[in-house]
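**Student:** Here is what each chain is made of, one letter per residue.
Number of protein chains: 2
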Amino acid sequence: MEKEKAIVLLSGGLDSTTAMAIAKSKGFEIYCISFRYGQRHSIELEASKKVAQVLGAEEHIVVDIDLGKIGGSALTDEIDVPKDRNEKEMQGNIPVTYVPARNTIFLSYALAWAETFSAFDIFIGVNAVDYSGYPDCRPEFIEAYERMTNLATKASVENGNPFRIQTPLIHCTKAQIIKKGYELGVDYSITHSCYDPSHDGKACGACDSCKLRKKGFMESGIPDPTVYAQDDFF
Amino acid sequence: MEKEKAIVLLSGGLDSTTAMAIAKSKGFEIYCISFRYGQRHSIELEASKKVAQVLGAEEHIVVDIDLGKIGGSALTDEIDVPKDRNEKEMQGNIPVTYVPARNTIFLSYALAWAETFSAFDIFIGVNAVDYSGYPDCRPEFIEAYERMTNLATKASVENGNPFRIQTPLIHCTKAQIIKKGYELGVDYSITHSCYDPSHDGKACGACDSCKLRKKGFMESGIPDPTVYAQDDFF
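Protein chains in written order, with this note's numbering: chain A, 1 to 234; chain B, 1 to 234.
Pulled out of the complex, with its shape left as it was, chain A reads as follows (with noise of 0.2 Å):
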């Protein structure tokens, strides 16, 4: 029998590799989707080209999408990325990190590509637990995104085939996530989370991205395998 094909949003983080795992896991045919959008670095485009090879994706983009021209986040302009939060700061408003609508953008893409190929299920990390303020990052979100989804395509209206929006790791703590992936083989030393790496690639250690990290990993009971330039612990 054929396998059924899944989308997964690929960052090279530890969500969406652990996500592409749990998809893999289930049988599905696995095509991921990385986007270029202005990030500062391009280390994470380089960690989900690798994610993408050694957990065997059928077949990888990298769309480039114009993020630059709309603006509004550290991730993107020169806004400084937030440094040694305490988790209260952490959890408090929605952060200078935060990218207008951006899993709003990268899921049409997804869509629009699970379309041209009939693959009705897309795999997205996104976390509500230690999701760092991001609004769409909730499953109020993602339960309305699928429902437009829904009604905005050809393969749904005409064909009468619902899209799927999984998110596998949504009510999970990270140090559940990192066992989760564990237990499926995942090398998180091929995986990148900082917001701020320095010129050799290595993690900042600072950042509410790299924080969440080492918690989860500290937590989690495994080894983190990752080389940070800064190694408290808040």
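Hints are not guaranteed to be accurate.
Since copy identity is lost for identical chains, a pair holds within one copy or between any two.
[As the list claims (entries may be wrong)] In the DMTMM-like style, the derived pairs of lysine to aspartate or glutamate whose C-alpha atoms are separated by at most 25 Å in a straight line are: (1) K49 <-> D64; (2) K69 <-> E158; (3) K69 <-> E146; (4) K69 <-> E29; (5) K26 <-> E183; (6) K50 <-> D66; (7) K179 <-> E146; (8) K69 <-> E140; (9) K69 <-> E59; (10) K202 <-> E4.
To be clear, the hints were calculated from the coordinates, so they are not data collected in a lab.
This structure is a prediction, so every number in the text was calculated from the model and none was measured.
Start from chain A and add chain B according to the hints.
**Tutor:** Chain B in isolation, oriented as in the chain A frame:
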């Protein structure tokens, strides 16, 4: 009092131009967004620039989007644009000129941009009457999209500002759209609708879009300023 800002999705065609004129007549300050998405011709974008200028946009951005990598339509691939179809043929199945998830992608960029400068009204000239079979031009899609946007963004979730996807033309016939624009002083000679223009920019007169445009002018009783390469009616 400062004017409220609105974004208009501007293709340079008849519908989006009329939508812009309506937004302007409601007192909004207008920010236009157009897309370069591997169209086989740039005449559409030239028309959008002209329209933005003539109708007095505050700003006009053209966002490059990478639909080429995704494929799946006559407007971006090498599939032939259908010609000389009658009304019944046009109202049947979703045509090959359908671009997967196109409005979903376009609206997502508009939403991202809107959020960066606190615009909460996004005008899109979609039309469910003469819509030539596109699922993402129907009111149920727009409603689901709007609902999703209000769960997607910092502006709506943290600050309680709802976005409105404004579709002033959704229930209008092409003739009604033309009459409305004419009343608002729109010069339709600067707009462009054709899916398959000749090298000198002349509309073909035979694709679905040209046929709907011709018929609209005919039914409105307003002279059609368009020069067509082929000028028979259906």
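**Student:** Take the hints in turn and mark each one as holding or not.
**Tutor:** Right, here's what the structure says about each hint:
Taking CA atoms no more than 25 Å apart as the test, K49 paired with D64 passes in both settings, with 15 Å inside one copy and 23 Å between copies. Taking CA atoms no more than 25 Å apart as the test, K69 paired with E158 passes between copies only; the shortest distance there is 24 Å, against 35 Å inside one copy. When the C-alpha separation of K69 and E146 is checked against a cutoff of 25 Å, the pair qualifies only between copies, where the shortest distance is 23 Å, while the shortest distance within a copy is 27 Å. Taking the closest pair of Cα atoms, K69 and E29 come within 25 Å of each other only across two copies (19 Å); inside a single copy the shortest separation is 35 Å, beyond that limit.
Taking CA atoms no more than 25 Å apart as the test, K26 paired with E183 passes inside one copy only; the shortest distance there is 14 Å, against 58 Å between copies. In this assembly of identical chains, K50 and D66 lie within 25 Å of each other by CA distance both inside one copy and across copies; the values are 24 Å within and 22 Å between. For a Cα distance limit of 25 Å, the shortest separation of K179 from E146 qualifies neither inside one copy, at 28 Å, nor across copies, at 37 Å. Proximity of K69 and E140 under a CA criterion of 25 Å is satisfied in neither setting, with 28 Å inside one chain copy and 30 Å between copies.
Taking the shortest alpha-carbon separations for K69 and E59, only the inter-copy value of 12 Å comes in at or below 25 Å, while the best intra-copy value is 29 Å. For the identical chains of this complex, K202 and E4 are neighbours neither inside a copy (37 Å) nor across copies (45 Å), given an alpha-carbon limit of 25 Å.
Taken one by one, the earlier hints fail for this structure at numbers 7, 8 and 10, listed in ascending order.
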